[in-house]
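Starting from the structure of chain U, add chain S where the hints point.
There are 2 protein chains.
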Amino acid sequence: MKLLLVFPLLSLFFFCSASCEVIKALPGQPANVGFKQYSGYILVQPQHGRALFYYFVEADSANPLANPLTLWLNGGPGCSSLGFGAFMEHGPFQPREDGHLVKNQYSWNLESNMLYLESPIGVGFSYSNTSSDYLGLNDATTAKDNMQFLLNWFEEFPQYRNSDLYLSGESYAGHYIPQLADLILDYNKRFSGRPIKLKAIALGNPLLDPDISVINAEFLWSHGVISDETLLLSKTVCNASRHLKESIHQNLSKECIHVLNKLEEEMGSYTDPGDLILPICFSPTLLGQTFFQGTHNRLHWKQLAMSSAVANDPCRVDEIRQYLNTPKVQESLHANTTHLSSVWEFCGGHLSYQRDSIGINIIPLLSKLLKRSIPVLLFNGDQDSKIPLTQTRIIANMLAKELKLVPFGSYAPWLVGGLSHLAK
Amino acid sequence: MKLLLVFPLLSLFFFCSASCEVIKALPGQPANVGFKQYSGYILVQPQHGRALFYYFVEADSANPLANPLTLWLNGGPGCSSLGFGAFMEHGPFQPREDGHLVKNQYSWNLESNMLYLESPIGVGFSYSNTSSDYLGLNDATTAKDNMQFLLNWFEEFPQYRNSDLYLSGESYAGHYIPQLADLILDYNKRFSGRPIKLKAIALGNPLLDPDISVINAEFLWSHGVISDETLLLSKTVCNASRHLKESIHQNLSKECIHVLNKLEEEMGSYTDPGDLILPICFSPTLLGQTFFQGTHNRLHWKQLAMSSAVANDPCRVDEIRQYLNTPKVQESLHANTTHLSSVWEFCGGHLSYQRDSIGINIIPLLSKLLKRSIPVLLFNGDQDSKIPLTQTRIIANMLAKELKLVPFGSYAPWLVGGLSHLAK
Numbered sequence: 001m002k003l004l005l006v007f008p009l010l011s012l013f014f015f016c017s018a019s020c021e022v023i024k025a026l027p028g029q030p031a032n033v034g035f036k037q038y039s040g041y042i043l044v045q046p047q048h049g050r051a052l053f054y055y056f057v058e059a060d061s062a063n064p065l066a067n068p069l070t071l072w073l074n075g076g077p078g079c080s081s082l083g084f085g086a087f088m089e090h091g092p093f094q095p096r097e098d099g100h101l102v103k104n105q106y107s108w109n110l111e112s113n114m115l116y117l118e119s120p121i122g123v124g125f126s127y128s129n130t131s132s133d134y135l136g137l138n139d140a141t142t143a144k145d146n147m148q149f150l151l152n153w154f155e156e157f158p159q160y161r162n163s164d165l166y167l168s169g170e171s172y173a174g175h176y177i178p179q180l181a182d183l184i185l186d187y188n189k190r191f192s193g194r195p196i197k198l199k200a201i202a203l204g205n206p207l208l209d210p211d212i213s214v215i216n217a218e219f220l221w222s223h224g225v226i227s228d229e230t231l232l233l234s235k236t237v238c239n240a241s242r243h244l245k246e247s248i249h250q251n252l253s254k255e256c257i258h259v260l261n262k263l264e265e266e267m268g269s270y271t272d273p274g275d276l277i278l279p280i281c282f283s284p285t286l287l288g289q290t291f292f293q294g295t296h297n298r299l300h301w302k303q304l305a306m307s308s309a310v311a312n313d314p315c316r317v318d319e320i321r322q323y324l325n326t327p328k329v330q331e332s333l334h335a336n337t338t339h340l341s342s343v344w345e346f347c348g349g350h351l352s353y354q355r356d357s358i359g360i361n362i363i364p365l366l367s368k369l370l371k372r373s374i375p376v377l378l379f380n381g382d383q384d385s386k387i388p389l390t391q392t393r394i395i396a397n398m399l400a401k402e403l404k405l406v407p408f409g410s411y412a413p414w415l416v417g418g419l420s421h422l423a424k
Numbered sequence: 425m426k427l428l429l430v431f432p433l434l435s436l437f438f439f440c441s442a443s444c445e446v447i448k449a450l451p452g453q454p455a456n457v458g459f460k461q462y463s464g465y466i467l468v469q470p471q472h473g474r475a476l477f478y479y480f481v482e483a484d485s486a487n488p489l490a491n492p493l494t495l496w497l498n499g500g501p502g503c504s505s506l507g508f509g510a511f512m513e514h515g516p517f518q519p520r521e522d523g524h525l526v527k528n529q530y531s532w533n534l535e536s537n538m539l540y541l542e543s544p545i546g547v548g549f550s551y552s553n554t555s556s557d558y559l560g561l562n563d564a565t566t567a568k569d570n571m572q573f574l575l576n577w578f579e580e581f582p583q584y585r586n587s588d589l590y591l592s593g594e595s596y597a598g599h600y601i602p603q604l605a606d607l608i609l610d611y612n613k614r615f616s617g618r619p620i621k622l623k624a625i626a627l628g629n630p631l632l633d634p635d636i637s638v639i640n641a642e643f644l645w646s647h648g649v650i651s652d653e654t655l656l657l658s659k660t661v662c663n664a665s666r667h668l669k670e671s672i673h674q675n676l677s678k679e680c681i682h683v684l685n686k687l688e689e690e691m692g693s694y695t696d697p698g699d700l701i702l703p704i705c706f707s708p709t710l711l712g713q714t715f716f717q718g719t720h721n722r723l724h725w726k727q728l729a730m731s732s733a734v735a736n737d738p739c740r741v742d743e744i745r746q747y748l749n750t751p752k753v754q755e756s757l758h759a760n761t762t763h764l765s766s767v768w769e770f771c772g773g774h775l776s777y778q779r780d781s782i783g784i785n786i787i788p789l790l791s792k793l794l795k796r797s798i799p800v801l802l803f804n805g806d807q808d809s810k811i812p813l814t815q816t817r818i819i820a821n822m823l824a825k826e827l828k829l830v831p832f833g834s835y836a837p838w839l840v841g842g843l844s845h846l847a848k
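Sequence order for the protein chains is U and S. Numbered by this note's numbering, the letters in the first sequence go through residues 1 to 424 in order. Numbered by this note's numbering, the letters in the second sequence go through residues 425 to 848 in order.
Just chain U, with the same shape it has in the complex (with noise of 0.2 Å):
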């Protein structure tokens, strides 16, 4: 009898693995969806009961298979990819105010298959059911995470197995993404098998190098932002990359605290340090989180967490935020099944990330996979001061130099629609 039984079970599980976690409809979606979307969670240590989460949006496409594969990473660290980016940045819906769906007409899907991970625990609807795992959390173990995460969701996605690859993201993924694609080649030499086909990696406003990325005075006077007084106070007493590494230490000096103090007094409250130009939210509950906090709490890095991604409309995070933490959002993305003990957040508030792992400068290893002929886009939003344009030009300039790469196309202006972005 017991053999009976567990024939069935087993059969169903395995043709489940990958259809059971289709998402039917999303409340609120337009309708005629052409592609398939899945989400759900992909165990990385089963004894742990550490879960991934992620939401998987095939290419709206006749033939999803022809497209390539693109994992998606938020910045942080701690923040979610399924917030920022899938419902605010580049997936295929965004939720508005009523709670329906609206098509998103530049979404990634319309070119790639979309991969958004919850990465580390702690961020979203990922987590441990075993709490020490929340406190040893750094680059290392995220990347040993991540690369779990891709291998045991590949097999659940067999048929995207042999697909061309790119990992891009924002941020602080500027760690994670080369710090995974380098765990990958190393996987693929290691492993006499198929290769996983990484073609590329791409990372936008990323934190590279903590002497570099983050040096932000020139740009910021540059934009009107501070005096001229406090530029100065920048370049001789305490700059951004002294007070970014000054935190990481739990160190703060009097000096790096009264030039961050003259500098976040001359932006004001209204001016968001991701995009200088967006107007802001008055909702009360995006104004807590990201304003009403003390000097001592608004450390460079939980700075960084709230990207850049607030694009156009401010007040998204509020439609976001509410729709993600919707009973039968969360069901219908196969979400939330252990009654996390807290709501749904953008950045995980209860997430101990080691703070060494910030200071890590990446460039070398960016060097490292280019070596290893992984090309590597840098990209950068114009309004961003806390990663400026300036800096991500500045690194890819020393990398240029570095492995003697030429320019193929002269520097001109990136056109989307006719529209210039500014993108150079």
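Since the hints were derived computationally from the structure, they do not count as laboratory data. You can take every hint at face value.
If we take Cβ atoms under 10 Å as the criterion, some of the chain S residues that face chain U in the derived model are:
#1 G648
#2 V649
#3 I650
#4 K686
#5 G692
#6 T814
#7 R817
#8 I818
#9 Y835
Residues of chain S placed beyond 10 Å of chain U at every Cβ, according to the derived structure:
#10 Q453
#11 K568
#12 E769
#13 Q778
#14 P788
Keeping only pairs whose Cα atoms sit at most 25 Å apart, straight-line, the calculated BS3-like set for lysine-lysine is:
#15 K686(S) - K401(U)
#16 K623(S) - K828(S)
#17 K235(U) - K254(U)
#18 K568(S) - K795(S)
#19 K401(U) - K199(U)
#20 K36(U) - K197(U)
#21 K825(S) - K792(S)
#22 K371(U) - K189(U)
#23 K792(S) - K828(S)
#24 K825(S) - K235(U)
#25 K527(S) - K752(S)
#26 K199(U) - K371(U)
#27 K659(S) - K401(U)
#28 K460(S) - K621(S)
#29 K36(U) - K103(U)
#30 K825(S) - K262(U)
#31 K686(S) - K404(U)
#32 K262(U) - K828(S)
#33 K401(U) - K371(U)
#34 K235(U) - K659(S)
#35 K527(S) - K448(S)
All C-beta atoms, glycine included, are put in the ideal place defined by N, C-alpha and C.
Positioned in the frame of chain U, the structure of chain S alone reads:
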């Protein structure tokens, strides 16, 4: 019989002096306009038939005379205060495609009586019947005509003769306004009668010093518009200041043309140098005017003319041009009564302004005005690469240092309706 005829005519003329310039209603204007509008010509040189066109909007207030009087001039040299200042920027109405006027909730006439002046002749509806008048135009003739305009205008509107007077303008009005202010102070000194109550001047994105105001390579670089290489070329080979001065003296060097070409290539045809983040209007007329010109026609001082005024809706230019060329609109404005040979344009095509005026350094005059107790407000849009905010700030600092001015407030965002406009 003659005498009998003459008296009624004279009295009619006297009666008309201000009232026959009343605008009954502008075609398409909204209902319930609670303030008066006037427009027409003021002869500044009757023998030559030299006449300047004005549009005067009383303050939107129960008692307009309780508000100050502001004279507004747009830059160029050669661009229209009616088209830019009044109908695009801060007048009470803005034309829409269907020829209707919509209310501008930010109209300056909510705070002041606004006098928009088309100056010098050749701008908009202003003209001279003596064609040689167009040849000798320069800062001195413009200031003199503007002064004569003001005195004659007060004859027609004697009720404003005692009003607090503010002078304001943008771009090349950085020349016009201080020079007019200087003549007003001289007039007050020379004539023992009632002084003209000049209270202050305000200059937006002003051309003040050709060595400072136009330097823009660092600004363009920090905004992602140009490459490192072109920044270097601008620093070492030819900067915008040298280019401007070479243009003035019509001896453009090969080096400067080379750097300008590089810069324009990288900026592309769809980026407005006067507003880097403005989407481009694809209207053929606008594109024809600003973009499809050969390099040699694109002298910097002509670029200055197309000032940063095209705010928000880049296609509004077309609507305004169409509106102001409508015969019924011209009739209601008492404009084009002499049937000018060309249509109304934003920037005067046949204006021949003496180029050496453009090279004048206005800073000493600002210093003189400040010493004579005329407050000077310098303000600057944050997206203008022709007169970048960084340059206006440098000039403000120079003046503050020279005159030992001290700040009476701290550097801070300027909030309008709760939104930061990044004006500091």
